[in-house]
Amino acid sequence: MPDRPALQALHRCSGLLLAAFVCIHLVNHALLAIDAASAFAFMDVFRRIYRQPLVEALLLAAVLAQLATGPMLARRRTTSAGRAGLLAAASGYYLLFFLLVHVAAVLWGRLGLGLDTDISFAAAGLQAWPSIAFFLPYYFLAVAAFCLHAGLGIGRLFAMPPCTAALVSGAAGALAGTAIVGGMLALP
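Note that this note's numbering gives residue 99 to position 116 of the sequence shown, counting from 1, and the numbers run on in steps of one.
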């Protein structure tokens, strides 16, 4: 099994690539709360970049790297990690669940079923009962977990007190999650 520094390096590098994509992706979804036409226009431009075969392959490789390294790092976490370590592990495990389900659904929808996996595809689960009972917390928690996990990592990098990093990134995640889910709910 690889040593911890090598796992951390792979996790951080693949995480940075994914985080860059996810931040732009979340901005795209947040635009729904302002103007749906702007969100779809932004998505059309953004898709031309991330659907390039090389870019998409790099993003999928980053997802696979996260799926492989995340659980190994969480299992190896020492007991001295404290509450911040537990929050990082919990948010990371939720992100693993979300990545597995979300990436599989989008790829199957696009490649297997020939669907347009745009924002409406993502929002479809929020349009009716009982699927909204799954998809509302599913999306909200994904945004909150992403912000919390990334915020704890950034806080650690800049020697921010873990409690401060958790509060700031958790609050940002809750606000962003509310705006994004609210925008998706507003789609016709």
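Simulated from the structure, these hints should not be mistaken for lab results. The beta-carbon is built from N, C-alpha and C at its ideal position, and this holds for glycine as well. Hints may be right or wrong, so weigh each one.
Estimated spans, in silico, between C-beta atoms of each pair [stated by the list, open to error]:
id: 1; residue 1: Pro(-15); residue 2: Phe104; range: 31 to 41 angstroms
id: 2; residue 1: Ala(-11); residue 2: Ala20; range: 20 to 30 angstroms
id: 3; residue 1: Val89; residue 2: Thr147; range: 30 to 40 angstroms
Cross-check of the supplied hints:
| no. | hint | verdict |
| --- | --- | --- |
| 1 | Pro(-15) to Phe104: 31 to 41 angstroms | holds, 36 angstroms |
| 2 | Ala(-11) to Ala20: 20 to 30 angstroms | violated, 46 angstroms |
| 3 | Val89 to Thr147: 30 to 40 angstroms | holds, 35 angstroms |
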